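Novice: Chain by chain, the residues run as shown.
There are 2 protein chains.
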Amino acid sequence: MDSDLSDSFNMNKLLLGPGPSNVPKRVLTALSNNCISHLDPDFFSILDEISENLKSLFKTENETTFAISGTGSAGMEAAFANLIDEGDKVLVFSCGLFGERMAEVAERYGANVVIKSKEWGEVFEYNEIINSIKEYDDLKIVSIVHAETSTGAHQPISDIGNFLKNRDIIFLVDSVTSFTGTELNIDDWGIDVCYSGTQKCLNVPPGLSPITFSEKALRKIRNRKQKVKSWYLDLNLLKNYLGEKRVYHHTAPVNMLYGLNEGLKICLEEGLEKRILRHKDTSEYFNRMLHETGLKLFVKDNVFSLPMLKSIQLDKKISDGIRIDILKKHKIEIGGGLGHTKGLIWRVGFMGCNSNKESVDVFFETLKNYV
Amino acid sequence: MDSDLSDSFNMNKLLLGPGPSNVPKRVLTALSNNCISHLDPDFFSILDEISENLKSLFKTENETTFAISGTGSAGMEAAFANLIDEGDKVLVFSCGLFGERMAEVAERYGANVVIKSKEWGEVFEYNEIINSIKEYDDLKIVSIVHAETSTGAHQPISDIGNFLKNRDIIFLVDSVTSFTGTELNIDDWGIDVCYSGTQKCLNVPPGLSPITFSEKALRKIRNRKQKVKSWYLDLNLLKNYLGEKRVYHHTAPVNMLYGLNEGLKICLEEGLEKRILRHKDTSEYFNRMLHETGLKLFVKDNVFSLPMLKSIQLDKKISDGIRIDILKKHKIEIGGGLGHTKGLIWRVGFMGCNSNKESVDVFFETLKNYV
Numbered sequence: 015m016d017s018d019l020s021d022s023f024n025m026n027k028l029l030l031g032p033g034p035s036n037v038p039k040r041v042l043t044a045l046s047n048n049c050i051s052h053l054d055p056d057f058f059s060i061l062d063e064i065s066e067n068l069k070s071l072f073k074t075e076n077e078t079t080f081a082i083s084g085t086g087s088a089g090m091e092a093a094f095a096n097l098i099d100e101g102d103k104v105l106v107f108s109c110g111l112f113g114e115r116m117a118e119v120a121e122r123y124g125a126n127v128v129i130k131s132k133e134w135g136e137v138f139e140y141n142e143i144i145n146s147i148k149e150y151d152d153l154k155i156v157s158i159v160h161a162e163t164s165t166g167a168h169q170p171i172s173d174i175g176n177f178l179k180n181r182d183i184i185f186l187v188d189s190v191t192s193f194t195g196t197e198l199n200i201d202d203w204g205i206d207v208c209y210s211g212t213q214k215c216l217n218v219p220p221g222l223s224p225i226t227f228s229e230k231a232l233r234k235i236r237n238r239k240q241k242v243k244s245w246y247l248d249l250n251l252l253k254n255y256l257g258e259k260r261v262y263h264h265t266a267p268v269n270m271l272y273g274l275n276e277g278l279k280i281c282l283e284e285g286l287e288k289r290i291l292r293h294k295d296t297s298e299y300f301n302r303m304l305h306e307t308g309l310k311l312f313v314k315d316n317v318f319s320l321p322m323l324k325s326i327q328l329d330k331k332i333s334d335g336i337r338i339d340i341l342k343k344h345k346i347e348i349g350g351g352l353g354h355t356k357g358l359i360w361r362v363g364f365m366g367c368n369s370n371k372e373s374v375d376v377f378f379e380t381l382k383n384y385v
Numbered sequence: 015m016d017s018d019l020s021d022s023f024n025m026n027k028l029l030l031g032p033g034p035s036n037v038p039k040r041v042l043t044a045l046s047n048n049c050i051s052h053l054d055p056d057f058f059s060i061l062d063e064i065s066e067n068l069k070s071l072f073k074t075e076n077e078t079t080f081a082i083s084g085t086g087s088a089g090m091e092a093a094f095a096n097l098i099d100e101g102d103k104v105l106v107f108s109c110g111l112f113g114e115r116m117a118e119v120a121e122r123y124g125a126n127v128v129i130k131s132k133e134w135g136e137v138f139e140y141n142e143i144i145n146s147i148k149e150y151d152d153l154k155i156v157s158i159v160h161a162e163t164s165t166g167a168h169q170p171i172s173d174i175g176n177f178l179k180n181r182d183i184i185f186l187v188d189s190v191t192s193f194t195g196t197e198l199n200i201d202d203w204g205i206d207v208c209y210s211g212t213q214k215c216l217n218v219p220p221g222l223s224p225i226t227f228s229e230k231a232l233r234k235i236r237n238r239k240q241k242v243k244s245w246y247l248d249l250n251l252l253k254n255y256l257g258e259k260r261v262y263h264h265t266a267p268v269n270m271l272y273g274l275n276e277g278l279k280i281c282l283e284e285g286l287e288k289r290i291l292r293h294k295d296t297s298e299y300f301n302r303m304l305h306e307t308g309l310k311l312f313v314k315d316n317v318f319s320l321p322m323l324k325s326i327q328l329d330k331k332i333s334d335g336i337r338i339d340i341l342k343k344h345k346i347e348i349g350g351g352l353g354h355t356k357g358l359i360w361r362v363g364f365m366g367c368n369s370n371k372e373s374v375d376v377f378f379e380t381l382k383n384y385v
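Protein sequences appear in the order of chains A and B.
The first sequence begins at 15 in our numbering and counts up one residue at a time.
The second sequence begins at 15 in our numbering and counts up one residue at a time.
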């Protein structure tokens with residue numbers, strides 16, 4: 015294995031939860047570079063490089079592609095805060111905690127939210143989505159989670175944006191967990207706004223949220239009737255700092271951005287397609303190993319199990335409590351269930367440098383001590 | 015000099031701007047520690063330690079003392095977003111950009127803002143403040159900037175809170191630049207909410223905002239009529255993660271918090287009083303040196319010049335443009351003016367480990383090359 019891709023084994027703990035994932039030495043070293051000013055031309059070069067590399071990985075030509083100075087949830091908030099004008103009808107598809115969170119955030123920012131829910135662990139079919147969209151003639155935003163971190167379900171989204179393209183509707187996607195671990199094509203799939211997190215497949219510590227806005231989304235934001243409620247996340251102000259003017263807005267988190275820059279370089283050095291394939295291979299290997307143990311995936315249909323986050327149903331052989339023991343004795347982090355799945359499922363992440371056969375083997379070897 | 019206090023000279027650039035300041039090696043090393051989960055009990059110990067150390071440095075018993083997952087401006091936003099109920103009358107005292115920003119943020123969150131302004135570089139006298147407060151019988155919040163980073167003015171605030179104590183009014187203070195560099199007593203001064211930044215006197219990279227809430231502030235927040243507009247900054251949700259329940263809210267910026275923890279330890283090892291005295295001594299030395307050059311401070315009355323941030327008026331001898339040259343040739347960052355002071359003033363910071371005679375000497379020695 016490439017050293018950047020096996021760094022997880024040099025760490026004090028192996029992070030096989032739903033994120034943060036292990037952070038390679040190169041990224042940790044970048045984080046500890048000397049801090050310089052957020053207004054230093056040398057730092058602007060780093061911001062430019064981050065933007066270019068994010069564009070490559072998001073597969074977009076969107077000029078407005080950068081990292082929000084907060085975690086993935088701040089990215090979600092930035093998306094809704096900027097897009098929603100008071101009273102806008104927003105259709106949210108939800109099959110888990112992060113779908114529910116989208117509805118909650120949209121509502122707080124004054125949207126008229128319509129939520130279409132399915133059971134946790136399910137996904138929406140294309141026809142269900144399109145039929146739901148057709149029910150309303152005044153939709154402004156359609157939002158959906160690509161990788162539902164609470165359930166491990168992989169929502170197909172490739173055809174929705176193109177249906178919305180010639181309508182006056184913004185297509186908003188949460189890719190916090192999926193970004194660089196499975197296929198995601200912002201431009202080809204007609205996605206207008208997409209935010210992610212750094213602590214999943216990018217292997218950068220939590221604290222930043224990569225985000226991208228299409229021209230269609232920017233037009234809606236330019237034509238807002240009210241100011242964006244959040245000053246901190248107001249794209250109209252942020253663009254003055256991020257764009258050519260470089261006008262001070264807030265002080266960018268300099269060292270975290272060093273780390274992100276390095277994480278993006280590692281991705282691009284491996285190559286996005288190769289990285290995605292690696293996640294797929296690890297996932298298939300995990301599925302085979304899981305099958306041997308007699309345990310089952312939590313997602314309703316195995317086809318929709320995320321490659322970087324495997325959720326498994328606990329049965330009588332495994333109690334949720336042993337996660338604490340595994341963390342203490344074996345230094346391996348495994349995620350528990352959220353909300354009503356607490357105690358019923360585990361969420362096991364193989365993200366970025368943690369996505370390899372060795373990590374899967376370590377997981378099942380460790381599990382043998384308990385079942 | 016103690017090595018932690020002279021680290022600035024080992025850096026590639028000497029950051030004598032308004033922040034970020036130089037980051038000591040110990041903090042940089044902490045930043046590069048292996049990432050662990052935000053739900054790991056080992057990480058909860060770090061959060062507890064940060065909270066205790068922030069309480070010591072803020073001089074408060076407030077249990078709700080922690081770091082917001084965003085920069086100082088996110089701290090400002092967190093304060094207003096949580097405190098303001100639609101229509102609340104908020105009195106903002108402003109003598110600079112950050113006073114103006116307070117008014118702007120409060121207004122976006124639905125406040126009925128009354129702004130009392132003075133010229134940039136001035137401060138308010140106690141009687142002016144009290145008389146302004148007495149003008150209104152329905153004030154909910156009084157807010158003021160302790161250290162106005164745009165002008166270098168040091169606003170006296172020690173007696174305002176005690177005047178408000180038995181009134182139904184929250185006293186909100188911005189200490190982004192002052193925290194640990196000059197006297198600030200949250201409890202004794204009757205301050206209800208106070209936020210700061212990490213990249214000033216704490217010498218931690220930008221990205222977090224230490225904040226503290228009094229019981230009086232928490233009561234106002236508990237009795238809110240509407241939900242907090244910002245989900246990301248909603249204290250009612252954050253407290254479930256920060257408190258004993260440890261319920262997941264957002265993924266805390268783990269490595270940045272390692273850095274903050276180390277920065278706080280360095281402060282406490284030196285001792286707050288000693289650190290404050292060091293900033294005062296450096297400031298007085300700077301004032302004497304400046305006097306010799308014939309240049310003048312920008313603040314109207316020298317008594318109100320901040321110890322950690324000296325603003326100087328440019329004259330014919332110095333053009334603003336040489337800052338770029340100083341940064342390139344001498345690797346020294348100096349801050350320019352903001353807004354209408356752009357091109358007219360410089361802002362020179364001596365913050366945390368950068369506050370010492372040697373840094374002042376380097377500044378004036380460098381300046382000699384140009385005047």
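No lab work stands behind these hints: they were computed from the structure.
One thing to keep in mind: the hints can contain errors.
All copies of an identical chain are treated as equivalent in the list; a pair is satisfied when it fits inside any one copy or across any two copies.
Said to hold, decoys possible - With a cut-off of at most 25 Å between alpha-carbon atoms, the simulated SDA-like pairs for lysine to any residue come out as follows:
| no. | residue 1 | residue 2 |
| --- | --- | --- |
| 1 | Lys69 | Thr196 |
| 2 | Lys27 | Asn275 |
| 3 | Lys279 | Asn126 |
| 4 | Lys253 | Gly124 |
| 5 | Lys69 | Asn301 |
| 6 | Lys259 | Ile340 |
| 7 | Lys259 | Glu66 |
| 8 | Lys130 | Lys241 |
| 9 | Lys239 | Asn126 |
| 10 | Lys27 | Ile129 |
| 11 | Lys27 | Arg40 |
| 12 | Lys253 | Gly353 |
Quick caveat: nothing in here was measured; it's all calculated off a predicted structure.
Novice: Compare the structure with each hint and give your call.
Specialist: For each hint, the structure was consulted:
1. Lys69 to Thr196: Classified as within: same-chain Cα gap 16 Å, cross-chain 44 Å, threshold 25 Å.
2. Lys27 to Asn275: Both ways: Lys27 and Asn275 sit 24 Å apart in one copy and 20 Å across, limit 25 Å.
3. Lys279 to Asn126: neither (40 Å within a copy, 47 Å between copies)
4. Lys253 to Gly124: Classified as both: same-chain Cα gap 23 Å, cross-chain 24 Å, threshold 25 Å.
5. Lys69 to Asn301: neither (32 Å within a copy, 49 Å between copies)
6. Lys259 to Ile340: Close across copies (21 Å), not inside one copy (51 Å); limit 25 Å.
7. Lys259 to Glu66: Within one copy only: 18 Å inside, 41 Å across.
8. Lys130 to Lys241: between (29 Å within a copy, 23 Å between copies)
9. Lys239 to Asn126: both (16 Å within a copy, 19 Å between copies)
10. Lys27 to Ile129: neither (39 Å within a copy, 52 Å between copies)
11. Lys27 to Arg40: So Lys27 and Arg40 pass the 25 Å test inside a copy (17 Å) and across (22 Å) alike.
12. Lys253 to Gly353: Between copies only: 17 Å across, 37 Å inside.
Hint compliance for this structure: hints 3, 5, 10 are not met, and every other hint is.
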